[in-house]
Every structure is written in structure tokens, then in C-alpha cells.
Amino acid sequence: MKVLKAQNQSLTPPQVQPLPVNANNELIDIRSVHLNTQLMVDHPANRDAYLSLKETTPARLGMGRAGLRYKTRSVLRLRADHAAAQDSVWADVPSKFIQSMNMLPLQSQCQDETEYLTRPDHGRQLSIAAAAKVTQLIDKGPSVLLAVGDGLSSEAITANVGDVIPAIKQGLKLHDIAINTIPFIRFSRVAVEDQLGELTHAKVVCLLIGERPGLVTPKSMSAYIAYQPTVGMAEARRTVISNIHPGGIPAVEAGAYIAETIWNMLTLKKSGLDLKEALKN
Amino acid sequence: MILKTILSGKHYQFKSVKDVMAKANEEKSGDTLAGIAAHNMQERVAAKVVLSQLTLNDVYEHPAVDYDHDEVTRMIIDDLDPLVFRQIKGWTFEQLREWLLATTTTNDIIHYLSQGLTSEMIAGVCKLMTNLDLITAAKKIINEKTANTTIGRPGTFSSRLQPNHPTDNLRGIMASTMEGLSMGIGDAVIGLNPVNDTVSGVTAILNTFNEFVTRWQVPTQTCVLAHVTTQMQAIEDGAPAGLIFQSIAGSQKANTAFGIDQHLIAQANQLGKQALQNKGQNVMYFETGQGSELSSDANFGADQVTMEARCYGFARHFDPFIVNTVVGFIGPEYLYDAKQVTRAGLEDHFMGKLSGLAMGCDVCYTNHMKADQNDIENLALLLANAGCTYIMGVPQADDVMLNYQSTGFQETATIRELLNLHPIPEFETWMEKIGISQNGRLTSKAGDASIFMEKESM
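Note that the protein sequences, when read in sequence, are chains A and B.
For the first sequence, position 267 matches number 267 in the numbering used here, and the numbering has no gaps at all.
For the second sequence, position 364 matches number 364 in the numbering used here, and the numbering has no gaps at all.
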């Protein structure tokens with residue numbers, strides 16, 4: 001093998017600006033950088049036009065390359081965004097949070113996260129113990145049963161529920177409707193609300209549940225609301241309010257909208273597509 | 001037909017051909033969810049042993065869905081060449097596997113034999129193959145198809161440019177399109193998944209694509225992946241489409257859930273041949289993926305590999321330009337982790353190739369699967385070695401509309417360089433003309449979307 005002689009070679013590192021540090025001498029949070037303002041293509045033919053076009057899309061454009069591969073910083077950013085999404089799927093909503101919100105902790109038939117991910121049918125049903133608790137501890141025939149489920153993102157719950165629930169309560173108070181015990185169902189799928197409806201005979205069931213996390217945010221939550229839901233009913237009977245997160249519909253605004261939707265359901269005795277049609281007329 | 005065996009001293013009795021086929025599959029969470037998977041590894045191997053001794057005729061006589069009740073079964077059976085089938089119907093699956101792998105078995109004779117294979121037979125032999133078997137057999141098969149350009153030639157490795165945007169913003173779509181093209185991406189098709197499935201939306205995007213590829217003389221195909229009926233209406237109204245897309249499934253009932261049937265796709269194919277301005281006769285673009293039949297309760301107790309093979313049986317009836325499996329999109333209840341996705345990607349590619357299709361793969365995963373970008377890079381490289389026709393090109397693999405991760409522009413570029421593969425020749429000539437490629441290698445200009453912006457007033 002030919003070994004290059006050191007005196008004939010100059011080693012030039014690629015020109016890379018070091019990652020900035022904050023006042024505490026920590027490296028900055030790479031996820032706080034706005035990708036839209038970054039252009040890492042070397043010697044672009046038209047920098048201004050490139051940056052202006054980048055404003056039109058959240059796609060990861062203009063990230064440049066290292067050889068034919070990605071630059072280090074864009075790889076780290078993708079991994080950081082993906083890590084946040086994945087951890088949010090696999091992490092539990094902390095029991096302290098459930099206590100602080102005064103929710104009744106329950107579980108679906110799933111025993112662990114793997115069963116939850118692979119058996120959606122088990123996530124739609126309460127465990128026998130949980131079903132018994134609902135029967136014992138929740139009053140029969142409420143106007144509204146509000147419930148919370150972890151779904152596919154625990155972070156969606158911790159990020160939004162604290163603001164959404166008071167806003168829903170406030171909105172319903174205008175109509176003299178009170179929310180009593182709020183069950184929290186670990187390892188839950190949307191249709192678990194149908195069983196909750198059957199067990200409590202609630203007129204309306206509203207389930208706040210974490211959505212499948214995307215790379216943009218792991219914090220997206222949805223409200224699935226149904227009038228007198230029954231197990232096995234058509235999906236078209238659910239009204240969905242989705243995209244509840246700090247960068248989407250803010251929690252307080254969402255809460256008010258959910259309360260209004262619930263009131264419409266109680267008045268018109270309908271939900272889902274039927275409600276949509278009735279509201280048109 | 002023998003449906004029982006002894007393995008390690010234990011007796012195994014399978015209920016039916018369908019039971020053997022399901023239990024002989026490599027482990028997939030979707031088969032477990034369907035309640036048809038082998039209960040343990042030994043039962044899985046016992047099923048493979050039984051399958052290896054079944055004849056092609058045994059499987060011919062037991063299609064996954066009844067002939068009388070399913071048009072996909074009828075298409076598969078009726079499309080069979082009876083002369084070829086008669087020659088091979090007595091073969092066991094063991095013989096078919098070893099024939100496919102024999103070094104003396106080459107492309108031409110595989111094409112001949114393939115006319116005598118039903119989709120269930122293709123699925124059956126797949127279940128006896130290891131991952132490297134699937135790569136070896138698929139690599140032999142050359143399926144060339146022509147629309148504007150010809151895809152699938154040996155030595156080429158193509159890509160679909162997928163410039164999706166969360167609100168279908170035309171400038172945003174073109175931003176991703178320009179950057180992809182500047183990296184040599186998009187020789188298979190420039191294909192957008194729209195948010196809005198409307199004739200006006202589809203038409204606006206097709207017009208924008210058409211203006212660009214006309215001005216820059218890009219030799220490729222364009223497509224907006226709305227529902228087939230939306231595209232047909234747009235084309236009838238004069239929209240400049242390059243291909244007609246539709247997602248398809250392996251049973252009539254599952255296709256009904258997609259809002260399609262054989263008749264509708266035949267009409268679309270006919271319209272494409274008449275109305276699209278292509279040189280060749282291959283006008284359709286289909287997408288598939290294991291598990292979609294179970295998700296619409298239309299798998300008829302059959303496993304997801306068999307149902308996926310039937311998608312290719314449906315597809316080949318229309319001689320499409322390209323087909324790809326969207327392998328990891330469906331989620332962990334069907335394909336749990338990177339191991340299962342890798343297996344499924346190799347299976348789908350092999351089965352598509354053996355069905356005579358120019359087969360690509362959307363090598364991808366969702367955030368609730370146990371997989372990451374490393375796994376996707378691995379599978380992309382395996383598939384390229386298997387002669388995969390094309391993969392996706394999404395800006396840094398992150399699809400900001402469909403919220404999943406696929407392969408980025410850099411993956412295609414890297415794999416081409418590593419394995420000495422090239423884009424479709426006309427497309428590579430175009431790349432040289434605009435200066436992003438020289439002597440078959442990317443130049444420093446590659447990856448700079450703004451090379452298109454000096455003249456563009458975007």
C-alpha cells in the first residue's frame with residue numbers, strides 16, 4: 001500500500017460553522033432552529049431565490065450534502081425529530097400527571113406497549129377490572145362523559161390536556177352541564193369510547209386521545225366525540241376535532257370548540273356525518 | 001395432497017392449503033392479528049416442509065378466494081397460459097424454488113414459465129425462499145416497460161420524485177421537484193400525492209408539472225396520485241397526465257373499499273392508451289402493500305403475502321408502466337418492526353418481478369414502528385442489489401404531507417454510485433446537458449435546486 005508523505009499533503013477540513021452555544025455554555029437545541037431559514041447547499045446558483053422558495057414548503061430542502069450523503073447537522077436534526085416522535089409513542093403518560101388532573105386511571109385489555117401496537121382490537125376494549133371500575137365509580141346517564149386516552153402519543157396528552165379540559169368545562173358550564181369523573185385509559189384506541197358509552201349510558205362521550213406522531217410535532221391530540229356511541233357502530237358517527245397542539249389548534253381554542261360541538265350534539269341528538277348534515281340545514 | 005408431517009418427533013396436521021400457506025409465512029404481526037399465523041417457530045417450519053411437497057396444481061385448485069365470488073381470482077386464473085400450466089402443474093414448490101435459483105435458469109425462460117403461474121403459486125414459492133434467495137431470483141428477471149421513456153433496463157436504477165406538500169401549494173411542490181431533479185431524481189415518474197382529490201386541483205398540478213418538464217425538456221412521466229376517477233375526469237378534460245395511478249388490493253372486496261373494480265381500471269387503461277401523449281403502451285401506475293386486505297376485512301382468511309401476490313395478479317392484467325409496494329406505510333399491526341418490513345419489501349419485490357412487473361418499492365416506515373432511517377437504508381441497498389426498478393425520492397426522506405419517512409434523494413444517488421447503476425439513459429443524457437452529471441457521475445452542481453431558478457420566475 002502506498003503511504004502518502006506528510007510533508008507533501010495539506011489536510012483541509014470542510015468549512016463548517018460550529019454549533020452555537022447559549023448563555024449557559026450549552027450547545028443550542030438543534031430542534032429550535034427554523035429549517036426554512038437555513039440553506040446549506042454549497043455555492044448555490046441563486047441563494048435568494050432558493051431561500052424564498054424554501055418559505056413555501058416545510059420539506060427538508062437545501063440541506064446540502066457531504067459527498068453524496070447528508071450533512072451531519074441535517075442527519076442529526078432528522079434523528080432528533082424522529083426520536084421525539086418515537087419516544088412519545090413508547091413513553092407512558094406519567095402517573096403524577098394523571099393524579100394531578102384528578103383522572104381515574106384505567107387500562108385497556110393490552111398488557112404492554114407491544115400488545116397495544118400490534119392488537120388494535122385489544123386497545124378498543126377495557127380490561128375486566130377497568131370495566132368494573134367504570135360501572136362502580138362513574139354515575140349513570142350523564143349528559144357528557146369526558147375521557148382521556150394515551151393513544152399513540154403520551155406527549156400529546158401532557159402537552160394539551162391541562163388546558164383543554166378547563167376550556168371544555170367552562171364552555172359546557174354556560175349550558176349548566178357539569179363534567180364529573182374523567183377516566184384515563186392507558187393503551188387505548190378510539191373505539192374504547194363506545195364501550196364507555198354503553199357502560200355509563202352517557203348521552204355524549206368525548207375522548208381526548210394522542211395521535212400518531214409526525215416529525216413536525218409529537219404533540220398532536222384529537223377529540224373523538226359521539227352521541228350515544230355503541231360498540232361496533234359506524235365510524236361515520238364520530239365527530240373528530242384533530243390537530244390540537246401548540247402549532248395547530250391551541251388547546252384553549254380547541255376546548256371551546258369541543259364544548260360547542262358537544263352542545264350541538266345534545267341539542268340535535270346526532271353526531272358525525274348526521275350532525276354535519278343537520279348543521280347545514 | 002399431504003397436509004401433515006412430523007417435525008422433531010411432533011405431529012402437525014394442517015387444515016387446508018390456505019392454513020399451510022399462512023403458517024409457512026415468515027412472522028408478520030398482520031398474520032397474527034388475523035389469527036392465522038403459526039403459533040411458534042417449529043409449526044412455521046413444519047408448514048414450510050408441507051408446502052415444499054405440495055404441487056402447483058394443489059395450490060391452483062385452492063385459490064385464496066373462490067373463483068365464483070371474486071373477480072381478482074377470475075382474472076388470475078383466466079389469464080393463465082394453459083399450455084405452460086400443463087407443463088408445470090405437477091411440479092412441487094421445492095422444484096419451483098430450485099428451478100428459479102438454478103444458474104442455468106435465465107430471464108427468458110422465467111418469463112415463459114411465469115405465464116403458467118397463479119399469484120398463489122408465486123406467493124407459495126416466496127415462502128420457501130430466504131432473503132438472499134429472493135434477491136437472487138428477482139435479480140434475474142428483467143421487466144422493461146415504456147411510457148415516455150423505457151424503465152427496467154439492466155444497469156438502471158430509477159426513482160420516483162415525490163414532492164408532496166401539506167396544502168398542495170404549487171410553488172412548494174415545485175421547490176421539492178426542482179431539488180429532486182437537480183439530484184437526478186424523477187426518471188421513473190414525478191408523482192405527487194395530493195391533499196385535495198379534486199379535478200381542478202389535479203389539473204393545476206399536472207399543468208404545472210407539464211410546463212416545467214416542457215420548458216426544461218425533462219424526459220420522464222408525470223402523475224398526480226388522486227383517485228383514478230378524478231384523474232380520468234381531468235384527462236378527459238384535457239389535463240396533461242403522463243400516467244394514471246391507482247392503489248389496488250388482492251380481492252374484489254378490498255378493491256371495492258378503494259372504490260375500484262376490474263371494469264373501472266380497464267376503462268382507465270383504455271383512456272390512458274388513447275389520451276396520453278406517450279410513445280409506449282404502458283400507461284398505468286399501481287401501488288400495493290401487505291395488509292391492506294385485512295384492514296378492509298377482505299382477506300378471506302388468507303395471509304398477507306398471498307393477498308399481496310394477488311395484487312400483482314390483478315396489476316399484470318393491465319400491463320402497467322410501474323408498480324410499487326408501499327411496504328412500511330401500513331403500521332406495526334401488520335409489519336411490526338424493521339425485520340418484518342425488510343422481509344416484506346424483498347418478498348413483494350420478488351413476487352412483483354415474477355409477475356412480470358417493473359417493480360419498485362417505497363422503502364418506508366411510520367413513527368410508531370420499530371424502525372429508523374438506518375433500516376430503510378439497509379433495505380434500499382438490498383433491493384437495489386435485487387434489481388429493484390425504482391425507489392422513492394422525498395426531500396431528506398421526510399414526507400411532510402403523508403407523515404412517514406421514505407428514501408431521500410441522496411439514497412438513490414448513493415446507491416447508483418455504489419453499485420454502478422444509472423438513471424434511464426435519456427434522463428441521464430438530460431442530466432449531463434444541464435450540468436449536474438458528467439461521465440455518469442454527479443457534479444458539484446447536483447442538489448442545487450436554484451440552477452433552475454436563474455431562468456425561472458418562480
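These aren't lab readings, by the way, just hints derived from the structure by calculation.
Check each hint, because a few of them may be wrong.
Okay, the calculated bits of chain B under chain A, using three or more residues with CB under 8 angstroms as the criterion [claimed, not checked]:
no., region
1, 33 to 45
2, 395 to 405
3, 410 to 421
Predicted model only: the values in this text are computed from it and were never measured.
Even for Gly, the Cβ is constructed at its ideal location relative to N, Cα and C.
Subject >> Violated hints, by number in ascending order, as checked against the structure >> reply: 1
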